[in-house]
Amino acid sequence: MRHVLSLLLENEAGALSRVSGLFSARGYNIESLTVAPTEDASLSRMTVVTNGSDEVIEQISKQLNKLIDVVKVVDVSEAPHIERELLLVKVRAVGKDREEMKRMTEIFRGRIVDVTDSSYVIELTGTQEKLDSFIGAIDSALILESVRSGICGIGRGERVLKL
Amino acid sequence: MVTSSFVCNRRLGAGMTLTGAEIVVRCLQEEKVDYVFGYPGGSVLYLYDELFKQDRVRHVLVRHEQAAVHAADGYARVTARVGVALVTSGPGATNAVTGIATAYMDSIPLVVISGQVPTAAIGMDAFQEVDTVGITRPCVKHNFLVKDVRDLATTLKKAFLIASTGRPGPVLVDIPKDVTAQRCEFVYPKDISLRSYNPVIKGHSGQIRKALQLLHGARRPLIYFGGGVVLADAAEKLTKLTRLLNLPCAGTLMGLGSYPGTDRQFLGMLGMHGSYEANMAMHYCDVLLAVGARFDDRVIGNTAHFMQEPRKIIHVDIDPSSISKRVKVDVPIVGCVGDVLDDMISMLESGGSTGPGKDALDAWWRQIEEWRGRNCMSYKNSDEVIKPQYVIEKLWEVTGGDAFVATDVGQHQMWAAQYYKFDKPRRWATSGGLGTMGFGLPAAMGIQLAHPGKPVACITGEGSIQMCIQELSTCKQYRLPIKILSLNNRYLGMVRQWQQIFHGNRYSESYMDSLPDFAKLAEAYGHVGLQITKPGDVEGALREAFARKNDLVFLDFQIDQTENVFPMIQGGKGLNDMILSAEDL
Ligand SMILES: Cc1cc2nc3c(=O)[nH]c(=O)nc-3n(C[C@H](O)[C@H](O)[C@H](O)COP(=O)(O)OP(=O)(O)OC[C@H]3O[C@@H](n4cnc5c(N)ncnc54)[C@H](O)[C@@H]3O)c2cc1C
Ligand SMILES: Cc1ncc(C[n+]2csc(CCOP(=O)(O)OP(=O)(O)O)c2C)c(N)n1
Ligand SMILES: [Mg+2]
Numbered sequence: 001m002r003h004v005l006s007l008l009l010e011n012e013a014g015a016l017s018r019v020s021g022l023f024s025a026r027g028y029n030i031e032s033l034t035v036a037p038t039e040d041a042s043l044s045r046m047t048v049v050t051n052g053s054d055e056v057i058e059q060i061s062k063q064l065n066k067l068i069d070v071v072k073v074v075d076v077s078e079a080p081h082i083e084r085e086l087l088l089v090k091v092r093a094v095g096k097d098r099e100e101m102k103r104m105t106e107i108f109r110g111r112i113v114d115v116t117d118s119s120y121v122i123e124l125t126g127t128q129e130k131l132d133s134f135i136g137a138i139d140s141a142l143i144l145e146s147v148r149s150g151i152c153g154i155g156r157g158e159r160v161l162k163l
Numbered sequence: 001m002v003t004s005s006f007v008c009n010r011r012l013g014a015g016m017t018l019t020g021a022e023i024v025v026r027c028l029q030e031e032k033v034d035y036v037f038g039y040p041g042g043s044v045l046y047l048y049d050e051l052f053k054q055d056r057v058r059h060v061l062v063r064h065e066q067a068a069v070h071a072a073d074g075y076a077r078v079t080a081r082v083g084v085a086l087v088t089s090g091p092g093a094t095n096a097v098t099g100i101a102t103a104y105m106d107s108i109p110l111v112v113i114s115g116q117v118p119t120a121a122i123g124m125d126a127f128q129e130v131d132t133v134g135i136t137r138p139c140v141k142h143n144f145l146v147k148d149v150r151d152l153a154t155t156l157k158k159a160f161l162i163a164s165t166g167r168p169g170p171v172l173v174d175i176p177k178d179v180t181a182q183r184c185e186f187v188y189p190k191d192i193s194l195r196s197y198n199p200v201i202k203g204h205s206g207q208i209r210k211a212l213q214l215l216h217g218a219r220r221p222l223i224y225f226g227g228g229v230v231l232a233d234a235a236e237k238l239t240k241l242t243r244l245l246n247l248p249c250a251g252t253l254m255g256l257g258s259y260p261g262t263d264r265q266f267l268g269m270l271g272m273h274g275s276y277e278a279n280m281a282m283h284y285c286d287v288l289l290a291v292g293a294r295f296d297d298r299v300i301g302n303t304a305h306f307m308q309e310p311r312k313i314i315h316v317d318i319d320p321s322s323i324s325k326r327v328k329v330d331v332p333i334v335g336c337v338g339d340v341l342d343d344m345i346s347m348l349e350s351g352g353s354t355g356p357g358k359d360a361l362d363a364w365w366r367q368i369e370e371w372r373g374r375n376c377m378s379y380k381n382s383d384e385v386i387k388p389q390y391v392i393e394k395l396w397e398v399t400g401g402d403a404f405v406a407t408d409v410g411q412h413q414m415w416a417a418q419y420y421k422f423d424k425p426r427r428w429a430t431s432g433g434l435g436t437m438g439f440g441l442p443a444a445m446g447i448q449l450a451h452p453g454k455p456v457a458c459i460t461g462e463g464s465i466q467m468c469i470q471e472l473s474t475c476k477q478y479r480l481p482i483k484i485l486s487l488n489n490r491y492l493g494m495v496r497q498w499q500q501i502f503h504g505n506r507y508s509e510s511y512m513d514s515l516p517d518f519a520k521l522a523e524a525y526g527h528v529g530l531q532i533t534k535p536g537d538v539e540g541a542l543r544e545a546f547a548r549k550n551d552l553v554f555l556d557f558q559i560d561q562t563e564n565v566f567p568m569i570q571g572g573k574g575l576n577d578m579i580l581s582a583e584d585l
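Protein sequences, first through last, are from chains A and B.
Take 1 as the starting number for the first sequence in this note's numbering and just add one per residue.
Take 1 as the starting number for the second sequence in this note's numbering and just add one per residue.
If you're looking for bench data, these hints aren't it; they were derived computationally from the structure.
Here the structure is a predicted model, which means the values were calculated and not measured.
A couple of the hints might just be wrong.
Unchecked claim - Sample of chain A residues at the chain B side, in silico, Cβ under 8 angstroms:
no., residue
1, Glu10
2, Glu58
3, Val71
Yeah, the Cβ is synthetic: ideal placement off N, Cα and C, and Gly gets one too.
Using the sequences provided together with the hints, build the complete structure.
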């Protein structure tokens, strides 16, 4: 089962490697991992997408909680939540492909954020599936380069992950 | 490097500034550290200079950094205090890693201070630079790199707090050389709290009540105790509960001594080389109360096989990640063993609950006595060749069962666990989780320093002792009258035993050739050495050794070369499938 874990951790040098080291040392999967400081500069917020049986996920969250730098862990995928990922993709855009790329971007509610005579950079946010289907929908031969941010997750409604 | 040293200005009166090195030593004094085990080098010169100028914190100069950490570890195991080691950067730190990992696996509280190259040189492949924090990260409870002298005192305070609370463990503090020279005001925080670190001490009362209900309804209950009882200093409480309910109990290698080893209700050690009655009871019990034990693979054997037998499991552990890690637990209780046992006892004493019914319990005890009747620890003694089991039995007799015992790793370790019946906790120091050969002698040094004048035995093998033999020199310097019992079988015996049983008698690289004359070697270091070859001389030699109160005596027992450790559960087999003696092979 796929799970999205959200963590608050001390914004300290080495905190990230403690988490990533834990996953590799214990053989847990990481599908994606994103981290950045929060509005409280002493804390970072991390989203880890992983998969495993209920027992494995329980162990992962216990092991994460055990790390001294980890302040809180929640499984946001346990309840209604929102997931978003950012995709930046550079595509070849010449001739008839120029119009076609623009059209596809509009359909997926993306934006073209950089333009040259021969290329576009398209920005798209959404769920993992949405980004996957956009990539699937455009001509793969035209993709010059792409980068994805990994998933950020947040619970819906009153559920809050805060100190 | 000293240019930035006046980070805080010297103020009149209250705030005198100290150097980082002075601060470290002051922190150690504040923590009432009496011994630091260490080895000097370039990056820790300021620290050694400060140690030199005072005499409250005594430094013990080992001969290898691995031994510094093991000695601090041995000290911690028998005193319930934090052991402290000090090493230099680079090779000093890498040599310490085996010791740190050993302590980590057995949850032993240590603070290890390592020197680091100056902050400006970090990342430059400087002389004797290694990423100590990176290398040790997976085998410490936590570690720190202190880049600012103003953080030094609070970091050390945190290190002692983290090492000694919750599930204990080693904490490393890496200090760049320039930080030890910089100055700032010294304030040692009285208390400190970390928002992300709050171990649960008190068990959930609803869960405890559930546990007592299960025990009340049990027909075949068993208490399974481990190192957590020792770490929590909860032996008396465990004993009280066990006796209150007349329950059978069995311990792990790490738990030995938490319940009197000579008592009828103790079934012996569990696991691979545990007793028949302990393992059978573990397998066939219907309610298992696990306290401070972690369902190690050496203890439960094949997990799937263990889980086939229906039983309810109650698990008390301070570390939630120990619970339901290998086996699914029915009643988890997160908390300190001592507090949880206290609560159980008071609920029972106040009549809130009662133990299992007498008839069922009597029948269970009859079954256990039948298993015990197999006499699984019997062995064939000999007049010609010394049997290792006999040596340990005699050691127990000669020391009145009251010695402090450290071991190395191998067959001798298992014989020590099986035949020395520990009645008290914190008398036994062995590397269980990592199984580190070389642990025994340095651990014994830490123990002897913690308990001057008390009998300390190091039970070792001719293979293991050579992994830290250089410490005989440290023992001479500090006059440590340890008694070393080497069960010399001229084999890496535990390896040879597996090769005999699982690899068709092909003794690949397990014969110990070209051994030194250990008695003479001990003498060369200035100690007393004895070689014992006849069973009739064993007791006399032991008596002589322990009578020499001021001497380290190296007893080289030439034992039966091919004796094996029994009982034994083969890898992958279940607890009820034991080999009891050579005839079963
Ligand atoms: C050659 C060899 C053979 C071995 N054979 C055997 C064998 O036959 N039988 C055997 O038992 N072992 C054997 N071992 C040792 C084995 O590898 C494990 O080290 C040992 O079984 C673990 O013991 P434990 O479960 O008591 O856990 P420990 O490692 O002692 O862990 C303690 C547990 O208690 C918890 N704890 C700590 N403090 C507290 C507290 N205050 N309150 C509550 N909980 C706390 C911890 O979180 C942890 O879960 C062998 C080792 C070697 C090297
Ligand atoms: C540092 C280290 N290396 C290797 C091993 C693997 N090992 C476990 S027991 C053993 C043999 C120990 O021989 P000895 O000290 O003579 O003890 P004996 O088994 O003969 O009593 C070995 C090599 C280990 N536990 N530790
Ligand atoms: Mg040997």
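These are the hints, each one checked on the structure:
1. With 8 angstroms as the threshold, the beta carbon of Glu10(A) comes within range of chain B, its nearest partner Cβ sitting at about 6 angstroms, so the hint holds.
2. Contact between Glu58(A) and chain B, as hinted, is supported at the beta carbon level, the nearest pair being about 7 angstroms apart and thus within 8 angstroms.
3. Below 8 angstroms, beta-carbon pairs count as interface contacts, and Val71(A) has one with chain B at about 4 angstroms; its hint therefore holds.
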